[in-house]
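Just so you know, the sequences run in chain order A and B. Positions 1 to 101 (the numbering used here) are the ones given, in order, by the first sequence. Positions 1 to 159 (the numbering used here) are the ones given, in order, by the second sequence.
No lab work stands behind these hints, which were simulated from the structure alone.
Under 8 Å between C-beta atoms, here's a sample of chain A residues computed to sit facing chain B:
(1) Ala5
(2) Lys6
(3) Ala12
(4) Leu22
(5) Asn23
(6) Ala27
(7) Val30
(8) Arg37
Glycine included, C-beta positions come from ideal geometry on N, C-alpha and C.
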Amino acid sequence: MSEKAKQQICRALQQLHAATELNLPTAEEVWSRSEFRLAYRRRRRNSASDAAMLLPAFYGLAVVLWTAWSGWSSIGLLAMVAFAAVAACVFVRNISRSFRS
Amino acid sequence: MDEQAFRALYDATAKPLWRYIVRVCGRQDVAEDLLQECYFRLLRTERAYMPLEDARPYLFRIASNLLHNRWRRGEELSLEDTAELGLEVHPDKSVDAARMLQGLKPRARELLWLAYVEEMTHREIAAVTGLNVMSIRILLLRARREAKALLESKGGNHV
Numbered sequence: 001m002s003e004k005a006k007q008q009i010c011r012a013l014q015q016l017h018a019a020t021e022l023n024l025p026t027a028e029e030v031w032s033r034s035e036f037r038l039a040y041r042r043r044r045r046n047s048a049s050d051a052a053m054l055l056p057a058f059y060g061l062a063v064v065l066w067t068a069w070s071g072w073s074s075i076g077l078l079a080m081v082a083f084a085a086v087a088a089c090v091f092v093r094n095i096s097r098s099f100r101s
Numbered sequence: 001m002d003e004q005a006f007r008a009l010y011d012a013t014a015k016p017l018w019r020y021i022v023r024v025c026g027r028q029d030v031a032e033d034l035l036q037e038c039y040f041r042l043l044r045t046e047r048a049y050m051p052l053e054d055a056r057p058y059l060f061r062i063a064s065n066l067l068h069n070r071w072r073r074g075e076e077l078s079l080e081d082t083a084e085l086g087l088e089v090h091p092d093k094s095v096d097a098a099r100m101l102q103g104l105k106p107r108a109r110e111l112l113w114l115a116y117v118e119e120m121t122h123r124e125i126a127a128v129t130g131l132n133v134m135s136i137r138i139l140l141l142r143a144r145r146e147a148k149a150l151l152e153s154k155g156g157n158h159v
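Kindly produce the complete structure, drawing on both the sequences and the hints.
As structure tokens, then:
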């Protein structure tokens, strides 16, 4: 390819460069949107890790109660644990909804 | 990174990055989202404090990846769509140049812009696009041929 053709392409692109309107968002806008998203990501990650701990904790408790079974008196407690486990599952699912952040 | 440092980084990098995205993707509305996404991705990494000379190619790399994701999803616009959406072209010689650029394949657009507007070396372009230097050489040659053919076929009086 000739040097002339290269210069023609270069000139055409430079014209486009000069003609491009700069309607870009301001630094403040980009900063505040990014900060919001970053804050939300941090909060979501923290909540998700706390909630994710609940399920194994309840599962452990249920195993302990199962092995140390002492008759009908534990049924109420087990029911409460089961309810809490289900609640934890729902909570974890709610806060770990996938979204583009 | 604090807001002041970010503003300095943004002032130094946003305009060339904006022009690159607008001209390669062909849409201002999309370019705004992509620009925002570039800075968000930079800020969420631990590399946000990198020096300016490193941040610039890093931002271009993010922008290139985002543009490629769009192309992979088939969100590339045809030339007619771009005209309908009113891609800003001034009523001068840049119209032919804009048509030429939009007539090229996205990869060719990207390479020509980086080489001739951003004046990046083949090595820098390779770092931005993730291709190897030899491929850049060949692809640029092909892109120039296509661009020349388009400029001539449009009968651009500036050629």
